[in-house]
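K.L.:
Starting from the given sequences, assemble the full structure and let the hints guide the process.
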Amino acid sequence: MSPRAAILVLAAVALLAPAGARAAPPPAKRPQHPSPAAAPTKPSAPTRPATQSSAFKLKAGANGAVCLECHSDFAQRLAKPSVHTPVKGRDCVACHDPHASAHPKLLAAEPAAVCATCHDVVPKTAKSTHRPVAEGRCTDCHDPHASGFQSNLVRGGTDLCAGCHAAVTGPAASAKVKHAPVEQGCTVCHAPHGSAAAAALLKSDVPGLCLGCHKVDSPAIAKKHMGYPVKLARCTTCHDPHGSSSSGLLYATVHPPVAKGLCSMCHEPATSANPLQTRQQGVALCRGCHAQRMGRMLDKNRVHQPVAQGACLACHGPHASRQKGLVRANLVVACGACHADTIRRQELSPTKHAPVKQGECTQCHDPHSADAPLMLVNPDGIELCGKCHDWQKHSTHPIGDTKKDPRNRNLTLECSSCHRAHGTGAKHLLPYAKTTDLCTKCHQQYRR
Amino acid sequence: MRTPSKTAVLVALAATIPAAALAAAPAAGLKYERTIYSDTADVALRRPEGVACDDRGAVVVADTGNARLVVFGWKEGALAGGTQVKLAQLPYPVRVQIDGKGFVLALDRRAKRIVRVDAKGAFAGYLEPQGASSNPVTPAAFRVDAADNVYVLDVVAGKVLVVSPEGRVVRELPAPKASGLADVAVDSGGRIYLVDAVTAVVFAADPKATAFQPLSASLKEQISFPTYLTPDNRGKLYVVDQNGNAVVKLGVDGSFLGRELAMGWDDGAVYYPAQLCIDAGGAAFLADRNNDRVQVFQLPR
Numbered sequence: 001m002s003p004r005a006a007i008l009v010l011a012a013v014a015l016l017a018p019a020g021a022r023a024a025p026p027p028a029k030r031p032q033h034p035s036p037a038a039a040p041t042k043p044s045a046p047t048r049p050a051t052q053s054s055a056f057k058l059k060a061g062a063n064g065a066v067c068l069e070c071h072s073d074f075a076q077r078l079a080k081p082s083v084h085t086p087v088k089g090r091d092c093v094a095c096h097d098p099h100a101s102a103h104p105k106l107l108a109a110e111p112a113a114v115c116a117t118c119h120d121v122v123p124k125t126a127k128s129t130h131r132p133v134a135e136g137r138c139t140d141c142h143d144p145h146a147s148g149f150q151s152n153l154v155r156g157g158t159d160l161c162a163g164c165h166a167a168v169t170g171p172a173a174s175a176k177v178k179h180a181p182v183e184q185g186c187t188v189c190h191a192p193h194g195s196a197a198a199a200a201l202l203k204s205d206v207p208g209l210c211l212g213c214h215k216v217d218s219p220a221i222a223k224k225h226m227g228y229p230v231k232l233a234r235c236t237t238c239h240d241p242h243g244s245s246s247s248g249l250l251y252a253t254v255h256p257p258v259a260k261g262l263c264s265m266c267h268e269p270a271t272s273a274n275p276l277q278t279r280q281q282g283v284a285l286c287r288g289c290h291a292q293r294m295g296r297m298l299d300k301n302r303v304h305q306p307v308a309q310g311a312c313l314a315c316h317g318p319h320a321s322r323q324k325g326l327v328r329a330n331l332v333v334a335c336g337a338c339h340a341d342t343i344r345r346q347e348l349s350p351t352k353h354a355p356v357k358q359g360e361c362t363q364c365h366d367p368h369s370a371d372a373p374l375m376l377v378n379p380d381g382i383e384l385c386g387k388c389h390d391w392q393k394h395s396t397h398p399i400g401d402t403k404k405d406p407r408n409r410n411l412t413l414e415c416s417s418c419h420r421a422h423g424t425g426a427k428h429l430l431p432y433a434k435t436t437d438l439c440t441k442c443h444q445q446y447r448r
Numbered sequence: 449m450r451t452p453s454k455t456a457v458l459v460a461l462a463a464t465i466p467a468a469a470l471a472a473a474p475a476a477g478l479k480y481e482r483t484i485y486s487d488t489a490d491v492a493l494r495r496p497e498g499v500a501c502d503d504r505g506a507v508v509v510a511d512t513g514n515a516r517l518v519v520f521g522w523k524e525g526a527l528a529g530g531t532q533v534k535l536a537q538l539p540y541p542v543r544v545q546i547d548g549k550g551f552v553l554a555l556d557r558r559a560k561r562i563v564r565v566d567a568k569g570a571f572a573g574y575l576e577p578q579g580a581s582s583n584p585v586t587p588a589a590f591r592v593d594a595a596d597n598v599y600v601l602d603v604v605a606g607k608v609l610v611v612s613p614e615g616r617v618v619r620e621l622p623a624p625k626a627s628g629l630a631d632v633a634v635d636s637g638g639r640i641y642l643v644d645a646v647t648a649v650v651f652a653a654d655p656k657a658t659a660f661q662p663l664s665a666s667l668k669e670q671i672s673f674p675t676y677l678t679p680d681n682r683g684k685l686y687v688v689d690q691n692g693n694a695v696v697k698l699g700v701d702g703s704f705l706g707r708e709l710a711m712g713w714d715d716g717a718v719y720y721p722a723q724l725c726i727d728a729g730g731a732a733f734l735a736d737r738n739n740d741r742v743q744v745f746q747l748p749r
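Sequence lines, in order, name chains A and B. Residues 1 to 448 (the working numbering) are what the first sequence spells out, left to right. Residues 449 to 749 (the working numbering) are what the second sequence spells out, left to right.
Hint data in this document are derived by calculation from the structure and do not stem from the laboratory. Even glycine gets a Cβ: it sits at the ideal position worked out from N, Cα and C. Heads up, a few of these hints could be off.
Stated by the list, open to error - Sample of chain B residues with no beta-carbon within 12 Å of chain A, all distances over it, derived:
1. Gly-505
2. Glu-524
3. Leu-535
4. Ala-645
5. Ser-664
6. Ala-731
Unchecked claim - Keeping only pairs whose Cα atoms sit at most 30 Å apart, straight-line, the calculated DSSO-like set for lysine-lysine is:
7. B:Lys-625 - A:Lys-324
8. B:Lys-607 - A:Lys-300
9. B:Lys-625 - B:Lys-549
10. A:Lys-127 - B:Lys-607
11. A:Lys-300 - B:Lys-684
12. A:Lys-231 - A:Lys-127
13. A:Lys-176 - A:Lys-324
14. A:Lys-300 - B:Lys-534
15. A:Lys-324 - A:Lys-387
16. A:Lys-260 - A:Lys-352
17. A:Lys-434 - B:Lys-479
18. A:Lys-404 - B:Lys-479
19. B:Lys-607 - B:Lys-684
20. A:Lys-215 - A:Lys-231
21. B:Lys-607 - A:Lys-357
22. A:Lys-105 - B:Lys-454
23. A:Lys-260 - A:Lys-176
24. B:Lys-454 - A:Lys-352
25. A:Lys-403 - A:Lys-393
26. A:Lys-404 - B:Lys-534
27. A:Lys-105 - A:Lys-80
28. B:Lys-454 - B:Lys-549
29. B:Lys-454 - A:Lys-127
30. A:Lys-178 - A:Lys-260
31. A:Lys-300 - B:Lys-560
32. A:Lys-357 - A:Lys-231
P.N.:
Put into structure tokens, the structure is as follows:
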């Protein structure tokens, strides 16, 4: 019997067996007699499932060759520069069950579990883990058989990372001031699977990571920092480690005192005992320059709670930021830190409202204070929506102060009578999946 | 991003879908009774955020958008009156309470002060707590107990103050670390509750406690953005889920017991609900802010 015929016979036996016996056979029930021709890649791996060649009693020389009889396209793959070790050894059954499997691609177990039998890539006490790793999506980055790139990566270097992190790699590529490690590759600073040392997959925490290359005690750098002991500070509060179009890799928005080197406007003098300590605590420090603006904020019906609490730094960075207004992050992130339920509604909505999606919350809401509920910048809902949807102000279903809402005698018809700005479970931000269900709430004569 | 659970997805979508579109709604608990749309002169309510009631049949609405209070009488399911009280000291009333002497206490969100209004509708002074460890006191929410003590949540100072009827601060409790404390409540046993809108955690402090403790882990999967809570003194806490357009029932141990009501414009549905008041007869008055009305429900007997 040829090796291929033997496998077909085994497959037929497996299919004819009772269902309970077929479903995910435990490793112990697999054939146990070793085959001299089927040395497993890592026989000592304790957690490895019994899918090695030995378990299938393959004839000498049959290993791998049997599979290639049908999977002839593998010849091309095997010629690639980086071939996965079991593939190189033609040990297909190291990962696949040749007969049947409850997993895709006839894998012997869940894809991530198959990889984990040999590759223990995440530190036990990881402070950060790459999401594809955590979600078992190893093949997002690696080709399990072969590739043209080192470590079986599906693309090379930064190109691979750019697939998901375009928001970082795009600006980095167009930045006028480049950071040398970024040019060399993301893995100079980041551990691609997980890091036991720091957040954001950094190989060590900031400033330690930066200090590995930058001697901040040198006279030139000390002068740039006005003599302040910045080796104790977090470099990334001012500097963009991925590149910038400002000198010194500073973020696009810099607090004017920082830009002018006037650190001592806010901090104790560089020569004092506590040079990094601020001259005043909390909001009192900000009020020194922003008193008028803060006064206007507080003179409204509704003041956002962080503003009322004087917690300016809950939303703003004091030194520099990628965002306008020194906001700490994109507004989806910054506002979403507290308003996660609102962001979630948008995420679940089949239709996305552009300002919400793009993090332009301030198109509709005043983040500091407002006179209207929901901190809307304009209490007139039609005018507010009309800022972007001007056409709909005069070419739409009747709306306005004279159009009573039939569902509620105190309301008049406006955009939010039918749409919800942060999304719904239905299309077009409508509250009902079927448009007729919405229309017949008022136009009851057309209800079927 | 963490994948939301099925419950969280349902709660998030329920917040945006009217009652009729939801198989689970309307809930069996709160029974719709009637709607208050206007005062006795038929002036419509506008963005009302507060409503208070007492066991003698007084109902006071903080008609926020009209910068006024409206006083009604409530007896055996019938509504009477609807007298307007408009005061210069109350340009933006948002929360109201009625004390044992029939005085109305109203929190003005613009002035950030609690105003006393007498039974004739005249200004009767500000609540000015004496002896607070930090000044000024900036109330974000407040509640009055049966003995007329006032419980003030000061999110700026990070404290809950208990103010005696004479105006003296008789107890101070540090507020727990939370970024969105939205309301304070007290039950008939003197237990104080706080709710954090951001994490949907309810905190409690027993009468002799020196600190608040969370009643449970975050209920964010069941409650979108809780902004108000009130005990019914029958073993349940009623939490108003402002963004979720619902009222959520909790056990006094913080256990989740269910959601009531749903988003919508018709009677019985709510749209950004605000304050809730439950009287001794189980009538529940709910300020239905973005529907420009107050609705009355009956709790299950």
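K.L.:
With reference to the structure, classify each hint as holding or not holding.
P.N.:
Right, here's what the structure says about each hint:
| no. | hint | result |
| --- | --- | --- |
| 1 | Gly-505 | holds, 24 Å |
| 2 | Glu-524 | holds, 25 Å |
| 3 | Leu-535 | holds, 16 Å |
| 4 | Ala-645 | violated, 8 Å |
| 5 | Ser-664 | holds, 18 Å |
| 6 | Ala-731 | holds, 21 Å |
| 7 | B:Lys-625 - A:Lys-324 | holds, 29 Å |
| 8 | B:Lys-607 - A:Lys-300 | holds, 23 Å |
| 9 | B:Lys-625 - B:Lys-549 | violated, 35 Å |
| 10 | A:Lys-127 - B:Lys-607 | violated, 34 Å |
| 11 | A:Lys-300 - B:Lys-684 | violated, 36 Å |
| 12 | A:Lys-231 - A:Lys-127 | holds, 22 Å |
| 13 | A:Lys-176 - A:Lys-324 | holds, 19 Å |
| 14 | A:Lys-300 - B:Lys-534 | holds, 19 Å |
| 15 | A:Lys-324 - A:Lys-387 | holds, 21 Å |
| 16 | A:Lys-260 - A:Lys-352 | violated, 41 Å |
| 17 | A:Lys-434 - B:Lys-479 | holds, 28 Å |
| 18 | A:Lys-404 - B:Lys-479 | holds, 27 Å |
| 19 | B:Lys-607 - B:Lys-684 | holds, 25 Å |
| 20 | A:Lys-215 - A:Lys-231 | holds, 9 Å |
| 21 | B:Lys-607 - A:Lys-357 | violated, 37 Å |
| 22 | A:Lys-105 - B:Lys-454 | holds, 29 Å |
| 23 | A:Lys-260 - A:Lys-176 | holds, 21 Å |
| 24 | B:Lys-454 - A:Lys-352 | holds, 21 Å |
| 25 | A:Lys-403 - A:Lys-393 | holds, 13 Å |
| 26 | A:Lys-404 - B:Lys-534 | holds, 27 Å |
| 27 | A:Lys-105 - A:Lys-80 | holds, 21 Å |
| 28 | B:Lys-454 - B:Lys-549 | violated, 49 Å |
| 29 | B:Lys-454 - A:Lys-127 | holds, 28 Å |
| 30 | A:Lys-178 - A:Lys-260 | holds, 22 Å |
| 31 | A:Lys-300 - B:Lys-560 | holds, 11 Å |
| 32 | A:Lys-357 - A:Lys-231 | violated, 38 Å |
Going through the hint list in order, the structure does not satisfy hints 4, 9, 10, 11, 16, 21, 28 and 32.
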